[in-house]
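Generate the whole structure from the sequences, applying the supplied hints.
Heads up: the sequence shown at position 92 corresponds to 92 in my numbering, and the numbers run straight through without jumps.
Just so you know, these hints were derived from the structure itself, not from any lab. In this text, all values refer to a predicted model and were calculated from it rather than measured experimentally.
Keeping only pairs whose Cα atoms sit at most 20 Å apart, straight-line, the calculated EDC-like set for lysine to aspartate or glutamate is: (1) K106 to D217; (2) K93 to E103; (3) K204 to D182; (4) K98 to D110; (5) K93 to D110; (6) K29 to E41; (7) K29 to E48; (8) K29 to E40; (9) K226 to D134; (10) K27 to E40; (11) K27 to E41; (12) K286 to D243; (13) K286 to D190; (14) K27 to D8; (15) K226 to E290; (16) K106 to E205; (17) K49 to D16; (18) K204 to D108; (19) K27 to D16; (20) K49 to D31; (21) K35 to E24; (22) K101 to E114; (23) K27 to E48; (24) K286 to E275; (25) K49 to D81; (26) K29 to E53; (27) K49 to E79; (28) K226 to D74; (29) K98 to D108.
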Amino acid sequence: MIRFDVTDADLMRRIDQHAPGWRESAKTKTDLLIKAGFYEEKDGTDGEKFWREILPVYIALQGGKCAYCECSLDETPREWDLEHFRPKNSVAKWPSAKRAKKEKIKYDFDTGPESRQGYYALAYAPWNYLAACDLCNRQYKLNFFPIAGTRARDEHARLDDAAAYTQESPYLAYPLGTSDTDPLTLITFDGIIARPTSLDVTTKEYRRGKIIIDIFDLNMRPFLQKQRAQKIIYLWNLFMIGDRFPELRDEITQTIQIQCSSSRPHANCGRAFWEKWRSDPNAAYKDYREACIRLKQPAFSVIPRW
1 MIRFDVTDAD LMRRIDQHAP GWRESAKTKT DLLIKAGFYE EKDGTDGEKF WREILPVYIA
61 LQGGKCAYCE CSLDETPREW DLEHFRPKNS VAKWPSAKRA KKEKIKYDFD TGPESRQGYY
121 ALAYAPWNYL AACDLCNRQY KLNFFPIAGT RARDEHARLD DAAAYTQESP YLAYPLGTSD
181 TDPLTLITFD GIIARPTSLD VTTKEYRRGK IIIDIFDLNM RPFLQKQRAQ KIIYLWNLFM
241 IGDRFPELRD EITQTIQIQC SSSRPHANCG RAFWEKWRSD PNAAYKDYRE ACIRLKQPAF
301 SVIPRW
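Below, the structure written as structure tokens:
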């Protein structure tokens, strides 16, 4: 995960430009949900069709990649979903018994209660949306939303303000804008392997990073490992060119910065690898060699330093 810079005002402007009148219709539909006290389309319309009208806005904001796993949907046979960060229906306890047993997931801290009603009043809240690949949304995220605090009740919170839900102290991170912690402070990478940024297992930051990695199974999905390995090898090749041609280093640095920008696939992994190379080229070389082994490619024997 990585942060995507956007203000609330800019997000609303983009929605209004892409789908004029959508927010007014969303407010009407939300009023009906609040009156009902649970999620159900009371006006006879297709809810998914309605919220998918603004899916292109989030795809553009996220640079055409999944908000959770950072894969590019142009490079994988996946479909786009408009993901509800806080589930619009019931919320299940994390981890489920099935996944806990299969993936050997166990925590020494609580992850919050389930909720039968869920966040029904947020079904049409723009700041509750993200563009996600169907695998992250339908197979991994599902209706999980673990928290460390007290679960908010929609009817008692400001529906237009994400900050009103901070009392929940969620373990997942919302990456659009600055309403939540920067995901880089929660998750980093050693080569192609994701790990919590904090090494102190008693901190909330460690726990958030661990749960995010667990929910989205970020270290056990082969195509993610492949794409991260490709990223690392590409960056290493740029380091090599800069080592051989000093006069190109400024231009190469700009290219690296672009490759590690938020809109590019696996930017978090790329930034971590770039930083490791700058601080410890020998350690970065080990990650590079492992990436080559993962892709069954020959590795350079020279370690660039500049």
